[in-house]
Amino acid sequence: MFDNKTVFITGGTGSFGKKYVQTLLDRYSVKKIVVYSRDELKQFEMAQTFNAPQMRYFIGDVRDRDRLVSAMEGVDYVIHAAALKQVPAAEYNPMECIKTNIHGAENVIQASIANNVEKVIALSTDKAANPINLYGATKLASDKLFVAANNMVGSRHTRFSVARYGNVVGSRGSVVPFFENLKAQGAKSLPITDLNMTRFWISLQQGVDFVLKNFERMHGGEIFVPKIPSVRVPDLARAIAPELDQHVVGIRPGEKLHEIMCPGDDSHLTLEFEDHYVLQPTITFFDRKNSYGRNALNEEGTPVSQGFEYNSGANEHFLTVDEIVEFNRMAMS
538 MFDNKTVFIT GGTGSFGKKY VQTLLDRYSV KKIVVYSRDE LKQFEMAQTF
588 NAPQMRYFIG DVRDRDRLVS AMEGVDYVIH AAALKQVPAA EYNPMECIKT
638 NIHGAENVIQ ASIANNVEKV IALSTDKAAN PINLYGATKL ASDKLFVAAN
688 NMVGSRHTRF SVARYGNVVG SRGSVVPFFE NLKAQGAKSL PITDLNMTRF
738 WISLQQGVDF VLKNFERMHG GEIFVPKIPS VRVPDLARAI APELDQHVVG
788 IRPGEKLHEI MCPGDDSHLT LEFEDHYVLQ PTITFFDRKN SYGRNALNEE
838 GTPVSQGFEY NSGANEHFLT VDEIVEFNRM AMS
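Mapping of the sequence shown onto the working numbering: position 319 corresponds to residue 856, and the numbering continues sequentially without gaps.
One or more of the hints may lead you astray.
Each computed DSS-like pair below joins lysine-lysine, with the alpha-carbon atoms no more than 25 Å apart [to be verified]: (1) K750 <-> K569; (2) K764 <-> K750; (3) K568 <-> K555; (4) K826 <-> K556; (5) K764 <-> K720; (6) K555 <-> K542; (7) K725 <-> K750; (8) K568 <-> K556; (9) K636 <-> K681; (10) K556 <-> K569; (11) K764 <-> K725.
Here are the in silico distance ranges between beta carbons for each label pair [what the hints assert, rightly or not]: (12) A833 <-> D802: 43 to 49 Å; (13) D540 <-> R831: 34 to 40 Å; (14) F823 <-> D782: 42 to 48 Å; (15) L794 <-> R831: 23 to 29 Å.
Hint data in this document are derived by calculation from the structure and do not stem from the laboratory.
All values reported here derive from a predicted model rather than from experimental measurement.
Positions of the beta carbon are idealized from the N, C-alpha and C atoms, including for glycine.
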């Protein structure tokens, strides 16, 4: 579906953006890929690797609506990946997080509608479900904005959906490179926030593939959640450095013991498909009544039980230490 299409990626110089660009170039005959971000050095460095004739690099910030409107001219599909994502940084710099993650989301929506973009998918996070930190709260607000945007399009055909998933192996600022750097620097032990802490675990390629597939699945208004395994943080540390001791340092500001992707309070809205869940909109769209039980690929979902919660600590699938080693090896290769 991406052949001869123009694809626009906000925050395109990040880990997700690079893998997404690589996948689009490898699998499709895209007309144009626009990488939109604010860091000229990262764009320059990315352009040394991704220099295909379809590539375009636009300097701009999602906080700047006028720049987004002009940059999106002629665009068919938008992936909104730009965000301030570090939990402690958001706690200490709340206004900056709000400007990028909430006001930036609104600007992406307005620019997409103004340019009659066909489909938009915004990247979310497990921290947006029952949030306890500012980052999660801003991403929940962003999710709500993108879902409600389907009621703002009027006679235009633009559709908006959200993809929500967990921790990405090896992404910038994640725990895997952090542990590996400590090991390389000769650390005697690895810091563990809590011995009972768990996280959802997904590779960068899996995340990209999930978003690609959701462009085909979406009606507009859904929040897509993949079925993925969990890891126990002490097991993750043992997988990376089995020879090192571990010491508990306590939970950081705004951090959760376990993550949630489908809250129990939304169980009446949640549908289970073979390899993912869908959270249906809480609102009714004025111009249409989509049946989310059957998606655009004709896949069928069924309602989950009352009170169902998709929680990393109660997941049916946990990776063993050996499985984490193999998973990380494949994800980082």
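Original post:
Taking each numbered hint in turn, which are not upheld by the structure, reported in ascending numerical order?
Top reply: 4, 5, 7, 11, 12, 13, 14 and 15
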